[in-house]
Amino acid sequence: MKAPETEIQQAVDDPRLQLAIYTATRRLIDHRAGVVSDEVLPHYQDLRNEANAIKKHTIENLDYYLEQLESNVIAHGGNVVFCRTGQEAADFVLDLAKQRGVHMLVKSKSMTSEEIHFNERLEKHHLEAVETDLGEYILQLAHQRPYHIVAPALHLTRYDVADVFTKELGAENEVVIEKQTKFARGVLRQKFLQADIGVSGANFLIADSGAIVVVENEGNARLSTSAPKIHIAIAGIEKVIPRAQDLAVFLNLLGRSATGQPLTVYTSFLSGPRRATEIDGPDEFYLLLLDNGRTKLLEDPEKRQSLYCIRCGACLNHCPVYRKIGGHNYPWVYSGPIGAIITPQFHGVTEDTWLPFASSLCGACAEVCPVKIEIPKLLIKLREEVTEVQRRQGAGDLERFAFRLFAWIATHPKIYLLLASLGSLFFPIVPKIGPLKKWASQRSLPEPANQSFHQYWASRVAARRGSS
Amino acid sequence: MTAREQILGDIRRSLKRAAGEPPLVEAAPLPAPALRVPLTDRNLYADLFGKKFENLGGKFFRVRDAAAVVPAIAELLSQKSAVASNSPFLRKCGITGLPQVHAAFTDRDELKAACAAADIGITSADYALAATGTFVMLSSHNEARLVSLLPPAHIAIFPRSRLLANLDELLSILPRPADQTSSMVLITGPSRTADIEQILVRGVHGPGEIYAVIVDEE
Ligand code: SF4
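Each protein sequence line maps, in turn, to chains R and V.
Mind the numbering: the first sequence is residues 147 to 614 in this note's numbering, read in order.
Mind the numbering: the second sequence is residues 3 to 220 in this note's numbering, read in order.
Source of the hints: derived by calculation from the structure; they are not laboratory data.
Heads up, some of the hints might be wrong.
30 Å max Cα-Cα, derived BS3-like pairs, lysine-lysine [as the list claims (entries may be wrong)]: (1) V:K82 x R:K325; (2) V:K94 x R:K527; (3) R:K337 x R:K375; (4) R:K325 x R:K337; (5) R:K328 x V:K18; (6) V:K18 x R:K518; (7) V:K82 x R:K202; (8) V:K54 x R:K442; (9) R:K470 x R:K375; (10) R:K375 x R:K244; (11) V:K82 x V:K61; (12) R:K560 x R:K470; (13) R:K518 x R:K202; (14) R:K270 x R:K375; (15) V:K54 x R:K325; (16) R:K442 x R:K518; (17) R:K442 x R:K148; (18) R:K470 x R:K523; (19) R:K328 x V:K82; (20) V:K54 x R:K328; (21) R:K523 x R:K442; (22) V:K18 x V:K54; (23) R:K375 x R:K328; (24) R:K518 x R:K270; (25) R:K325 x V:K61; (26) V:K18 x R:K523; (27) V:K94 x V:K82; (28) V:K82 x R:K337; (29) V:K53 x R:K328.
Just some of the chain R residues that point at chain V, by a computed CB distance under 8 Å [what the hints assert, rightly or not]: (30) T169; (31) A170; (32) E234; (33) T303; (34) N363; (35) S372; (36) P388; (37) D392; (38) L393; (39) L416; (40) T423.
Values in this document were obtained by computation on a predicted structure and should not be read as measured data.
Glycine residues also receive a C-beta, built at the ideal position from the N, C-alpha and C atoms.
Only chain R is shown next, with the shape it has when bound in the complex (with noise of 0.2 Å):
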């Protein structure tokens, strides 16, 4: 696919909406400047060499770390289920909630589930899936698709969210958000009481005791996971971490790098399900581990790295081209240099070729990795790729000649020396016409010398010798 250049454009050119994305990001980066500097966190150079190293080694010996994961979720009686497609964990869910007489399920963000267009799936068989993250729940009525990976509706304002409650919910007209926040709280409350079924995420599986860890803000995922008679967690097979200590790592990466906060507001580390002499939480606990290709991620060890991201979403408010063209220009729900790189993975290189090149390699999103993905160097690899693929069914051939043709005339000083006097003559009208058109519309140009480098070095020289 092309890139959606009628919608950036539209993006580009609507002013609350780049308004909103540069003010959200903006104090998200804040933010998290705030707890990272050398004063408040002297190790955090260290941290992130560590998080990168213990996820290099996890994701070397994947298979190992699933098993144990595996056989300690049963240990604590929990159960394992491998999901090689979004169509099989949703055929899971389906069935059990048949089974069980369940008809409604309450869901806590998941970007995971969001992947494999869970809650459409689930719709399908009459199974209502319902989001209780603020964002995501907007969201669910507004019929939209997350805007960003920790800040869901980061693009709507106020007077979006009132019209989109009155619309689906025939709520009042309000627009002032602690109201809106407390009505939603209302009517997600009965959801969360009433609710046999909870469905979460997980940020990391943790496999020395076969234990999820959820990190949130608002308590939507503790009560997904505590008030329900049963839990079912999905999540990638690339979330597993070796053991519980290195959550003293991750934790203390992914709350700063995503919003700021040293520790988000709640942080659940869960196994299987309530013990016999606990009074509440689920009685049954199902962890589903997803492939739905990445697998295929696994292939290329340089590449692989890609499967580390704890999905901080630090990458896309540093990155200036989220920030111009937003994330619902993104062909996956996984939008900014993240999603640049997996996007083209997960979906094959042939697929939205455009988005490998959509980045300045400015650098500033491996800057920023809490987990040290180096996605400048994936994205020039995958940009490789693309055009290997592209010069294979003989796309590229007229470039390839203008390259040739231009080294034959670097090559040959009297025609090139030609061609540049002639070429600053017409340069200043080249933008207005022709096939660069478009291309220099969105560039501002320099203007040629009126002198080449070769007349002025030459007029250099000879004022030398006629002064010595």
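On the provided structure of chain R, position chain V with the ligand as indicated by the hints.
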């Protein structure tokens, strides 16, 4: 082939590993856990906790002994209904004897209904982390999950001895929390959201008001 066999098989093929092979450490060693516990005077933890806790929007009380707890929070509890956990420490502080406090729940559904109706949930945190102003709650027959979650306000009352420096110290004394409980929750501040226009709102799903009472002498 089952999904499990296929996924593990695909992983092993890509990584060139055999089934049952132990982790390889030469190319990608696993660093030893680096738990960073600052060497601070433990006597300073309560003050540090209080400062961090109030920065998050909580209200902090510090009292001398168990007898001083009820007078300290009497005003908070007046005209309110509360649910207390089964923690022996709350009994010792005289919380469970108060007329407006419901306690001694053993049935999940009854507990859930009571928590959903109460104004305040009262617990005794198992640990607290000074560096971040965090409560650590381990689910057990003493502490249910929903007491600190469903009511709009949460009070945690605990002796000073339960204060730890930070997350790293917690993980050094509890290296495998799952051995003890199905649920360990770290609570750092009141429930909050910034999902609409990045404006901070407290109390979206969990308690919007939180209180800590640290008791100096056990
Ligand atoms: S790639 Fe790095 S910075 Fe981007 S979301 Fe993932 S962990 Fe965060």
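A quick look at each hint next to the structure:
1. Between V:K82 and R:K325 the alpha-carbon distance is near 23 Å, which keeps this suggested pair within the 30 Å criterion.
2. A distance of roughly 65 Å separates the Cα atoms of V:K94 and R:K527; the hinted pair therefore is violated under the 30 Å criterion.
3. As the CA atoms of R:K337 and R:K375 are separated by approximately 13 Å, the hinted pair is consistent with the 30 Å bound.
4. Taking the CA atoms of R:K325 and R:K337, the gap is near 19 Å; set against the 30 Å cutoff, the hint holds.
5. For a cut-off of 30 Å, the pair hint linking R:K328 to V:K18 is broken: about 53 Å separates their Cα positions.
6. For the suggested pair V:K18 and R:K518, the alpha carbons sit about 24 Å apart, so the restraint of at most 30 Å is met.
7. Between V:K82 and R:K202 the CA atoms are separated by roughly 52 Å; this puts the pair beyond 30 Å, and the hint is violated.
8. Of the pairs offered as hints, the one joining V:K54 and R:K442 is violated, with about 45 Å between alpha carbons and a cut-off of 30 Å exceeded.
9. Distance restraint check for R:K470 and R:K375: the Cα-Cα separation of roughly 44 Å exceeds the 30 Å cut-off, and the hinted pair is therefore not satisfied.
10. Proposed proximity of R:K375 and R:K244 is supported: the alpha carbons are some 15 Å apart, at most 30 Å.
11. A C-alpha spacing of about 17 Å is found between V:K82 and V:K61, which places the hinted pair at or below 30 Å, so the restraint holds.
12. Between R:K560 and R:K470 the alpha-carbon distance is near 44 Å, which puts this suggested pair outside the 30 Å criterion.
13. Simply put, R:K518 and R:K202 have alpha-carbon atoms about 11 Å apart, close enough for the 30 Å limit, and the pair holds.
14. Distance check on the hinted pair: R:K270 and R:K375 sit about 24 Å apart at the alpha-carbon level, within 30 Å; holds.
15. For the proposed pair V:K54 and R:K325, the alpha carbon gap of about 28 Å is at most 30 Å, so the pair holds.
16. For the hint linking R:K442 to R:K518, the alpha-carbon distance of about 21 Å falls within 30 Å, and the restraint holds.
17. Between the alpha carbons of R:K442 and R:K148 the distance comes to roughly 24 Å, so the proposed pair stays at or under 30 Å and holds.
18. Between R:K470 and R:K523 the CA atoms are separated by roughly 22 Å; this keeps the pair inside 30 Å, and the hint holds.
19. In summary, the hint linking R:K328 to V:K82 is supported, as the alpha carbons are separated by about 20 Å, within the 30 Å threshold.
20. Restraint check for V:K54 and R:K328: satisfied, since their Cα atoms lie roughly 26 Å apart, inside the 30 Å limit.
21. Taking the CA atoms of R:K523 and R:K442, the gap is near 19 Å; set against the 30 Å cutoff, the hint holds.
22. Between V:K18 and V:K54, the direct Cα distance comes to roughly 49 Å. Violation of the 30 Å bound is thereby established for this hinted pair.
23. Proposed proximity of R:K375 and R:K328 is supported: the alpha carbons are some 26 Å apart, at most 30 Å.
24. With a CA separation close to 40 Å, the supplied pair R:K518 and R:K270 exceeds the 30 Å bound.
25. Restraint check: the Cα-Cα separation between R:K325 and V:K61 comes to about 23 Å, which is no more than 30 Å; the hinted pair holds.
26. Taking the CA atoms of V:K18 and R:K523, the gap is near 24 Å; set against the 30 Å cutoff, the hint holds.
27. With a C-alpha separation of about 21 Å, the suggested pairing of V:K94 with V:K82 holds against the 30 Å cut-off.
28. Restraint check for V:K82 and R:K337: the C-alpha separation of about 25 Å stays at or below 30 Å, so the hint holds.
29. At most 30 Å may separate the alpha-carbon atoms for a hinted pair to count; V:K53 and R:K328 meet this at roughly 28 Å.
30. Look at R:T169: its Cβ gets to within about 7 Å of chain V, closer than 8 Å, so that hint holds up.
31. Nearest Cβ of chain V to the Cβ of R:A170: about 5 Å, under the 8 Å cut. The hint holds.
32. The interface hint given for R:E234 is met, as the beta carbon of that residue sits about 6 Å from the closest beta carbon of chain V, less than 8 Å.
33. The interface hint given for R:T303 is met, as the beta carbon of that residue sits about 6 Å from the closest beta carbon of chain V, less than 8 Å.
34. Taken as an interface hint, R:N363 checks out: its beta carbon lies about 5 Å from the nearest beta carbon of chain V, inside 8 Å.
35. Taking 8 Å as the C-beta cut-off, the interface hint given for R:S372 holds, the closest approach to chain V being about 4 Å.
36. A cut of 8 Å between beta carbons decides the hint on R:P388: the least distance to chain V is about 6 Å, and the hint holds.
37. Interface restraint check: R:D392 against chain V, minimum CB-CB distance 7 Å, threshold 8 Å, status holds.
38. Checking R:L393 against chain V: minimum C-beta separation of about 6 Å stays under 8 Å; hint holds.
39. The criterion of a C-beta within 8 Å of any C-beta in chain V is met by R:L416, whose closest approach is roughly 5 Å, and the hint holds.
40. Given the 8 Å rule on beta carbons, the hint for R:T423 holds: about 4 Å separates it from the nearest Cβ of chain V.
Hints 2, 5, 7, 8, 9, 12, 22, 24 from the earlier list are contradicted by this structure; the remaining hints agree with it.
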